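Input sequences plus hints: build the corresponding full structure.
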Amino acid sequence: MLLHLARQSLSNRLLTTSLTALSIAFSVALLVGVENVRTGMRESFSNTVSGTDLIVGARGGTIQLMLYSVFGMGSPVANISHETWEKWDEHPAVSWTIPYALGDSHQGFRVIGTNESFYEHYKYRGGQSISLAEGRPAEEVFDVVLGAQVAERLGYGLGDPISVTHGMSDVGFMNHDEMPFEVIGILDETFTPVDRAIYVTLEGITAIHLGWEEGGPPMPGEEIHADHVHEMDEIHVSQITSFFLGAESRAYTLQLQREISTSEQEPLTAVIPGLALSEMWQGIGYAEDGLMVISGFVVLVGLLGMLVSIYTSLDARRREMAILRALGAGPQRIVSLLVLEAGLLSALGAFLGVIFVYAGLAALQPWLEGEFGLLVPIRVLDQAQLMYIGAVIILGFVAGLVPALKAYRTALHDGLSVRV
Amino acid sequence: MIETTECIRASNLSFGYADGPTILDIPDLTVQSGERVFLYGPSGSGKTTLLGLIAGVLEPPSGTLSVLGHDVGALSSAERDRFRASHIGYVFQMFNLIPYLNVHDNIALPVRINEERKKRLGCSLDIAVKEAAAHLGIEQLLDEKVTRLSVGQQQRVAAARAILGAPELIIADEPTSSLDANRRHAFLELLFSNVAEAGSTLLFVSHDLGLADQFDRSLSLPELNHAGE
Ligand SMILES: Nc1ncnc2c1ncn2[C@@H]1O[C@H](COP(=O)(O)OP(=O)(O)OP(=O)(O)O)[C@@H](O)[C@H]1O
Ligand SMILES: [Mg+2]
Chain Z
1 MLLHLARQSL SNRLLTTSLT ALSIAFSVAL LVGVENVRTG MRESFSNTVS
51 GTDLIVGARG GTIQLMLYSV FGMGSPVANI SHETWEKWDE HPAVSWTIPY
101 ALGDSHQGFR VIGTNESFYE HYKYRGGQSI SLAEGRPAEE VFDVVLGAQV
151 AERLGYGLGD PISVTHGMSD VGFMNHDEMP FEVIGILDET FTPVDRAIYV
201 TLEGITAIHL GWEEGGPPMP GEEIHADHVH EMDEIHVSQI TSFFLGAESR
251 AYTLQLQREI STSEQEPLTA VIPGLALSEM WQGIGYAEDG LMVISGFVVL
301 VGLLGMLVSI YTSLDARRRE MAILRALGAG PQRIVSLLVL EAGLLSALGA
351 FLGVIFVYAG LAALQPWLEG EFGLLVPIRV LDQAQLMYIG AVIILGFVAG
401 LVPALKAYRT ALHDGLSVRV
Chain U
1 MIETTECIRA SNLSFGYADG PTILDIPDLT VQSGERVFLY GPSGSGKTTL
51 LGLIAGVLEP PSGTLSVLGH DVGALSSAER DRFRASHIGY VFQMFNLIPY
101 LNVHDNIALP VRINEERKKR LGCSLDIAVK EAAAHLGIEQ LLDEKVTRLS
151 VGQQQRVAAA RAILGAPELI IADEPTSSLD ANRRHAFLEL LFSNVAEAGS
201 TLLFVSHDLG LADQFDRSLS LPELNHAGE
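Residue numbers (the numbering used here), protein chains in the order written: chain Z, 1 to 420; chain U, 1 to 229.
Simulated from the structure, these hints should not be mistaken for laboratory data.
There could be a bad hint or two in this list.
Pair ranges (Cβ atoms, derived) [said to hold, decoys possible]: (1) K130(U) with P377(Z): 38 to 48 Å; (2) L15(Z) with L121(U): 35 to 45 Å; (3) L304(Z) with R217(U): 35 to 45 Å; (4) M387(Z) with G137(U): 53 to 63 Å; (5) H70(U) with V293(Z): 52 to 62 Å; (6) Q332(Z) with E6(U): 55 to 65 Å; (7) L291(Z) with V151(U): 50 to 60 Å; (8) F351(Z) with S43(U): 50 to 60 Å; (9) L15(Z) with R183(U): 30 to 40 Å; (10) L300(Z) with I127(U): 49 to 59 Å; (11) R148(U) with A287(Z): 50 to 60 Å.
Pulled a few chain U residues facing chain Z out of the computed Cβ check, cut under 10 Å [stated by the list, open to error]: (12) V57; (13) F83; (14) A85; (15) Y90; (16) F92; (17) L97; (18) Y100; (19) H104; (20) P110; (21) R161; (22) L219.
The following residues of chain U were derived to be distant from chain Z, with all beta-carbon distances above 10 Å [to be verified]: (23) T22; (24) P42; (25) G44; (26) S45; (27) S62; (28) N114; (29) I127; (30) A181; (31) H207; (32) F215.
Note that the structure is a prediction, hence the values are computed from the model and not measured.
The beta carbon of each residue, even a glycine, is placed where N, CA and C say it ideally should be.
Here it is, written out as structure tokens:
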């Protein structure tokens, strides 16, 4: 009986009702959506690199080490000698290492010297391996493999020649133009910084710098050309910048970290990437707090809107309430009618909102991932989100209570004598 | 059937709206049970106000007012709501139909809300609604939205709602104002036969003095009322 009345009354005011439900739906959608983006952001970030137990570089700040070796930002303070890297690579507790030699660029994209172990062991996003969309890994001195985004932005394909700039500046002063690199592979998209780098061999990086031993470009006439490089039987790699390390077992990680950091041979810093990433996230997590605050306000505004619309509709319904009272509907009946209406409305709004979120996520997911490298997962509502939605519905009922109580207190006669 | 009990009894009743002057000052008014009373007076003389007091729609006046043996002044507003729903059928001057319910649901509403009225039905609600509607010649309109009825049809819906469940006192505030002479006559006949069947008391307000001689008794409000003298 009550439900029947509530439903009839709501559908009688279809326009205002649906607008109110819609505004609740949007605020719920925003809340849940923002929450999803937030988790997506955190997960994307902390999964930038995975499966690596330690990242090792010359002694310095851990964040700086993370930035230049994982995120391709900033530059290394110093290099590590080839011997040191080999020593740790052969350490019995170490399963594999991926060397990185940084410092050069092409059209603003970083050039990273590495070896085959990169293609085999580099993992991201919960253990996904990198894979080649086209071609093969870099093996020869002048082989180049492009990150997916590099290939797309620069429009390169297999077989295209590439020149490498020394240093990170975009303007190609001091181009290593003599060295004819060639694209032989393009990586699949990973939506991590891997997409924005160019991969060559360690030998390739070393070759670029032949003749540069003094710290400056070779004197005119002394440049070393590709032919020379090909004639050399072995290119001696003397330095790298950092290396990623996989231990034989997770259990060795801490011990290895201590051993590396305290090694007498060369001052090194070793970071556990997972730990460092979550530390970094905390550092920039104020963005996350900001999102939280915003979603809180969004819900608040949505509920206020609902309260306002119920409250104003009440004024128009004073007469209706008075008639119900005149016909004998008791206080609890009138209050429950309004509360039920508000509750139904907010439940409907919340339900619509959840549909909006899933529809919106499904539609925007590819774009978010492609444009921002942000993988927003579509998953079942988690407990916190269910609690938010529950709170919205409960607050909806409460929002109905306020005008309901007021409705009953308004004098019956005033309501009856409203002329319509 | 001769009833001698009093249905309405007022003495030294005095009432004014919150911020206005005294509108009603009635030293004595008695209506016997089963009586059909015609109440008249010029517009603005306080007829609707008096009905509102008797039905407990307004805050109780000073003085004594007892309806069907209940002291109206002693009831809380929620108790007055329940009392009115159980014992009084009110045809409002403004009809007061619920715009989003259809004719059937509007007529059934007070019985659905009130248990006592339901008990007195003696048959299923659906049948009772149809019967009442048939009496008033609106049985073919039961599924219609009330907002799509003519004013006269709305008035009859309001009347059907008031007589359903045979309340002891039926109050009708100008229920014939929008009816033509023929319909007015038919309407009164139907109302009288219903009231007689249920043994209800009828308090009927109208400007139309021509109707007065069909009632047991006529009361002129300006004569009863000493306010403003
Ligand atoms: N809610 C109200 N608040 C204040 N004054 C009111 C209110 N309702 C009516 N009045 C005043 O009380 C007086 C009597 O009004 P009432 O409605 O009882 O007249 P009436 O006899 O029913 O008139 P009509 O024949 O036009 O229906 C009028 O002067 C009116 O202005
Ligand atoms: Mg009146």
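Consistency of the hints with the structure:
Between K130(U) and P377(Z) the Cβ separation comes to about 59 Å, which falls outside the hinted range of 38 to 48 Å. In this structure, L15(Z) and L121(U) meet the distance hint of 35 to 45 Å, their C-beta atoms being roughly 38 Å apart. Our hint of 35 to 45 Å for L304(Z) and R217(U) is violated, since their Cβ atoms are close to 58 Å apart. Remark: the range hint 53 to 63 Å for M387(Z) to G137(U) is upheld by a beta-carbon distance near 57 Å.
H70(U) and V293(Z) have their C-beta atoms about 58 Å apart, which keeps the hinted 52 to 62 Å range intact. Checking the proposed 55 to 65 Å range against Q332(Z) and E6(U) shows it is violated: the Cβ atoms sit about 33 Å from each other. Checked against the hint of 50 to 60 Å, the C-beta distance between L291(Z) and V151(U) comes to roughly 58 Å, which is consistent with it. Remark: the range hint 50 to 60 Å for F351(Z) to S43(U) is upheld by a beta-carbon distance near 52 Å.
For L15(Z) and R183(U), the hinted distance range of 30 to 40 Å is satisfied, since their beta carbons lie about 37 Å from each other. Between L300(Z) and I127(U) the beta carbon distance is about 52 Å. The supplied range of 49 to 59 Å therefore holds. For R148(U) and A287(Z), the Cβ-Cβ distance of about 58 Å falls inside the hinted range of 50 to 60 Å, so the restraint holds. Interface restraint check: V57(U) against chain Z, minimum CB-CB distance 6 Å, threshold 10 Å, status holds.
Here the hint on F83(U) is kept, as its CB sits about 9 Å from the closest CB of chain Z, short of 10 Å. Hint status for A85(U) relative to chain Z: holds, with the closest Cβ pair at about 2 Å, below 10 Å. Taking 10 Å as the C-beta cut-off, the interface hint given for Y90(U) holds, the closest approach to chain Z being about 7 Å. With a least beta-carbon distance of about 7 Å to chain Z, the hint placing F92(U) at the interface is held under the 10 Å criterion.
Given hint, L97(U) at the interface with chain Z, holds; its Cβ is 8 Å from that chain's nearest Cβ, closer than 10 Å. For the restraint placing Y100(U) at the interface with chain Z, the shortest Cβ-Cβ distance is roughly 3 Å, inside the 10 Å limit, so the hint holds. Restraint check, H104(U) versus chain Z: the minimum CB separation of about 12 Å is more than 10 Å; hint violated. For the restraint placing P110(U) at the interface with chain Z, the shortest Cβ-Cβ distance is roughly 4 Å, inside the 10 Å limit, so the hint holds.
The restraint placing R161(U) at the interface with chain Z holds, with a minimum CB-CB distance near 8 Å, inside the 10 Å limit. The criterion of a C-beta within 10 Å of any C-beta in chain Z is not met by L219(U), whose closest approach is roughly 22 Å, and the hint is violated. The claim that T22(U) is not at the interface with chain Z holds, since no C-beta of that chain comes within 10 Å of its own (minimum 17 Å). Residue placement check: P42(U) keeps its beta carbon more than 10 Å from all beta carbons of chain Z (closest about 19 Å).
The Cβ of G44(U) lies farther than 10 Å from every Cβ of chain Z, with a closest approach of about 13 Å, so its non-interface assignment holds. The claim that S45(U) lies off the interface holds: its Cβ sits roughly 16 Å from the closest Cβ of chain Z, which is beyond the 10 Å cut-off. Distance check for S62(U) against chain Z: the nearest CB is about 17 Å away, which clears 10 Å, and the non-interface claim stands. Look at N114(U): its CB is around 5 Å from the nearest CB on chain Z, not clear of 10 Å, so calling it non-interface is violated.
The non-interface label for I127(U) is consistent with chain Z: the shortest C-beta to C-beta separation is roughly 18 Å, beyond 10 Å. With a minimum CB-CB distance of about 27 Å to chain Z, A181(U) clears the 10 Å threshold, and the non-interface call stands. Every beta carbon of chain Z lies more than 10 Å from that of H207(U), the smallest distance being close to 19 Å; the non-interface claim holds. No beta-carbon of chain Z is positioned within 10 Å of the beta-carbon of F215(U); the least distance is around 25 Å.
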